[in-house]
Amino acid sequence: GQNIDQPTEMTATEGAIVQINCTYQTSGFNGLFWYQQHAGEAPTFLSYNVLDGLEEKGRFSSFLSRSKGYSYLLLKELQMKDSASYLCAVTHGGGGNKLTFGTGTQLKVEL
Amino acid sequence: GAVVSQHPSRVICKSGTSVKIECRSLDFQATTMFWYRQFPKKSLMLMATSNEGSKATYEQGVEKDKFLINHASLTLSTLTVTSAHPEDSSFYICSGLAGETDTQYFGPGTRLTVL
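Line order of the protein sequences matches chains A and B. In terms of this note's numbering, the first sequence is residues 1 to 111. In terms of this note's numbering, the second sequence is residues 1001 to 1115.
Don't read these hints as lab results, they were simulated from the structure. Hints are not guaranteed to be accurate.
[What the hints assert, rightly or not] Computed list of lysine-lysine pairs in DSS-like fashion (alpha-carbon distance at most 25 Å, straight line): (1) A:K98 <-> A:K76; (2) A:K98 <-> B:K1020; (3) B:K1055 <-> B:K1014; (4) B:K1020 <-> A:K68; (5) B:K1014 <-> A:K98; (6) B:K1041 <-> A:K98; (7) B:K1064 <-> A:K81.
[Said to hold, decoys possible] So the derived label-pair ranges between C-beta atoms look like this: (8) B:D1065 <-> A:I17: 32 to 40 Å; (9) A:Q19 <-> B:N1070: 37 to 45 Å; (10) A:N21 <-> B:T1031: 32 to 40 Å.
Glycine included, every Cβ here is placed at the ideal spot set by N, Cα and C.
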């Protein structure tokens, strides 16, 4: 089966940097996605990693290590509007394009 | 980016009635769409994979006769919750595959409340 772990909650200060970790065990890994979800809304796509390394996109960066089954999402210059749930999801062998989601990390940005 | 719409955004119905939810890809063609449900403070649970022109593939434990899926065109998939009961109350979200990386882009969701 597939198993994806993320911290349940994190708190950070406006203007700071926060790193949200995700570890996974899957039967045949294809790629890893990060989504942002505000309460009561659908997830919005943030990033996609398939190769090892860092993908940077503005204030958000995502890192992947396939050998370690590990990824992180890095958020810089935090803003209050970044308070949301961050979902790590993987696609895996035999699953086609199906996403298996982690439970999500609820990030709270404080003044 | 790819845009997906859902209709209605919110629906309240009586127990025993059926509810249809539409999912449309607005600026791309989606051969494959997915239907999820999400309970409060929980992650998304995949219900089924909807393929244009063929039968949907349901996840284990999802009743295909209760959750009817039709994907008649490359831009429209529908989910019908038949004989809805209060335990079917949930947030239903669809997504479509787009782009070279086959990224899933999500609709805004439909909140279903069954009284």
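Subject >> Pair hint outcome, K98 (chain A) versus K1020 (chain B) [Cα-Cα no greater than 25 Å] >> reply: holds (23 Å)
Original post:
Within 25 Å, alpha carbon to alpha carbon, are K1014 (chain B) and K98 (chain A)?
Top reply: violated (32 Å)
Original post:
If you draw a straight line from the CA of K1020 (chain B) to the CA of K68 (chain A), is it 25 Å or shorter?
Top reply: violated (43 Å)
Original post:
Per the hint of 32 to 40 Å, is the separation of the Cβ atoms of D1065 (chain B) and I17 (chain A) within bounds?
Top reply: With a Cβ separation near 50 Å, D1065 (chain B) and I17 (chain A) fall outside 32 to 40 Å, so the hint is violated.
**OP:** Verify the proposed pairing of K1064 (chain B) with K81 (chain A), using a straight-line Cα cut of 25 Å.
**Re:** violated (39 Å)
**OP:** Please work out if K1041 (chain B) and K98 (chain A) have their alpha carbons no farther apart than 25 Å.
**Re:** holds (21 Å)
**OP:** Starting from the hint 37 to 45 Å, judge whether the C-beta atoms of Q19 (chain A) and N1070 (chain B) obey it.
**Re:** holds (43 Å)
Original post:
Hey, K1055 (chain B) versus K1014 (chain B), does the alpha-carbon distance stay inside 25 Å?
Top reply: violated (28 Å)
Original post:
How does the Cβ-Cβ distance of N21 (chain A) and T1031 (chain B) compare with 32 to 40 Å: does it lie in that range?
Top reply: holds (34 Å)
Subject >> Pairwise hint evaluation, K76 (chain A) against K98 (chain A), where the allowed Cα distance is 25 Å at most >> reply: Cα-Cα ~30 Å, so violated.
The earlier numbered hints that this structure contradicts are 1, 3, 4, 5, 7 and 8.
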